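Quick note on numbering: the sequence shown equals residues 14 to 142 in the numbering used here.
Just to be clear, a hint being listed does not mean it is correct.
Unchecked claim - Label-pair restraints from in silico Cβ distances:
| hint | residue 1 | residue 2 | range |
| --- | --- | --- | --- |
| 1 | Gly102 | Lys126 | 32 to 42 Å |
| 2 | Glu129 | Asp56 | 29 to 39 Å |
| 3 | Glu17 | Gly102 | 35 to 45 Å |
| 4 | Pro75 | Arg103 | 17 to 27 Å |
| 5 | Ser104 | Arg15 | 15 to 25 Å |
| 6 | Ala16 | Ser85 | 20 to 30 Å |
| 7 | Ala140 | Arg57 | 14 to 24 Å |
As the list claims (entries may be wrong) - The list that follows gives simulated cross-link-like pairs (lysine to aspartate or glutamate, EDC-like), each with its CA atoms no further than 20 Å apart:
| hint | residue 1 | residue 2 |
| --- | --- | --- |
| 8 | Lys71 | Asp92 |
| 9 | Lys71 | Asp109 |
| 10 | Lys128 | Glu52 |
| 11 | Lys33 | Asp92 |
| 12 | Lys33 | Glu17 |
| 13 | Lys128 | Asp92 |
| 14 | Lys126 | Asp29 |
| 15 | Lys126 | Glu17 |
| 16 | Lys87 | Glu63 |
Everything labelled a hint here was simulated from the structure, so no lab data went into it.
All figures in this text were calculated on a predicted structure; none of them were measured in a lab.
We put the CB at the ideal spot given by N, CA and C, even for glycine.
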Amino acid sequence: MRAEVILSPAEYGLHDVTGKTAIVIDIFRFTTTVLTALEAGIDRFYPVAEVEEAWALKEADPQLRLAGERQSLKIPGFDFGNSPLEHYGRSYAGGDLACSTTNGTRAIHAATKAKEVVLASLRSANAVA
Numbered sequence: 014m015r016a017e018v019i020l021s022p023a024e025y026g027l028h029d030v031t032g033k034t035a036i037v038i039d040i041f042r043f044t045t046t047v048l049t050a051l052e053a054g055i056d057r058f059y060p061v062a063e064v065e066e067a068w069a070l071k072e073a074d075p076q077l078r079l080a081g082e083r084q085s086l087k088i089p090g091f092d093f094g095n096s097p098l099e100h101y102g103r104s105y106a107g108g109d110l111a112c113s114t115t116n117g118t119r120a121i122h123a124a125t126k127a128k129e130v131v132l133a134s135l136r137s138a139n140a141v142a
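Put together the whole structure using the sequences plus the hints.
Have a look at this one:
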C-alpha cells in the first residue's frame, strides 16, 4: 500500500487520484460536523464547493438546511456554521443538509476522479481504518 498526503485541495492537481481511494481527513470540524448532523437525523448530506451552489440548491428545495464557513466564519444567511456542536443533541427527523467549507467540501470535489472518497475524522477513525 502506498499513501500520498495532499495537504489542501489546491494540491490535488499535483497528484493523480484516478482509480484510487481518497480519504478526506478534516480532524475536528467539517467531517465531524457531517457525522454529528447525520447522527442527529439528517437524511442526506450534499457537499458543495462554492457558496453559490448551496444557494442554488436551497432555491430548488426551500426546506434544505445550509451549513458552512469561509475562513472559519459562518457564511451569512446560512442556518449553521461548521461546528459539530451546532448539531449535537438535536433531532432533525429527516431533511437534507448542504455544506460548503473552505477546505473540506472543496477537497471532496477535488477528489472526484478517485474510485471512492471516504470522509474521516477523529470520531470516525476506527470505522475508516
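Hint check results:
At roughly 38 Å, the beta-carbon separation of Gly102 and Lys126 lies within the given 32 to 42 Å, and the hint holds. Between Glu129 and Asp56 the beta carbon distance is about 21 Å. The supplied range of 29 to 39 Å is therefore violated. The beta-carbon spacing between Glu17 and Gly102, approximately 38 Å, falls within the hinted interval of 35 to 45 Å. Range check, Pro75 to Arg103: Cβ separation about 20 Å, and the 17 to 27 Å hint holds.
Take Ser104 and Arg15: their Cβ atoms lie about 43 Å apart, and the range 15 to 25 Å is violated. At about 28 Å, the CB distance of Ala16 to Ser85 agrees with the hint of 20 to 30 Å. Between Ala140 and Arg57 the Cβ separation comes to about 19 Å, which falls inside the hinted range of 14 to 24 Å. Simply put, Lys71 and Asp92 have alpha-carbon atoms about 11 Å apart, close enough for the 20 Å limit, and the pair holds.
Annotation: proposed proximity of Lys71 to Asp109 holds, straight-line Cα distance about 10 Å (limit 20 Å). At roughly 26 Å between alpha-carbon atoms, Lys128 and Glu52 are farther apart than 20 Å, so this suggested pair is violated. Distance hint between Lys33 and Asp92 is unfulfilled; the C-alpha atoms sit about 34 Å from each other, more than 20 Å. Of the pairs offered as hints, the one joining Lys33 and Glu17 holds, with about 11 Å between alpha carbons and a cut-off of 20 Å not exceeded.
Taken as a hint, the Lys128 and Asp92 pair is broken in the structure, with Cα atoms around 32 Å apart against an allowance of 20 Å. The straight-line distance between the Cα atoms of Lys126 and Asp29 is roughly 8 Å, inside the 20 Å bound, and the hint therefore holds. The hinted pair formed by Lys126 and Glu17 meets the criterion: a straight-line CA distance of about 15 Å does not exceed 20 Å. Taking the CA atoms of Lys87 and Glu63, the gap is about 14 Å. The hint holds against a cut of 20 Å.
When the structure is compared with the earlier hints, violations turn up for hints 2, 5, 10, 11, 13 and for no others.
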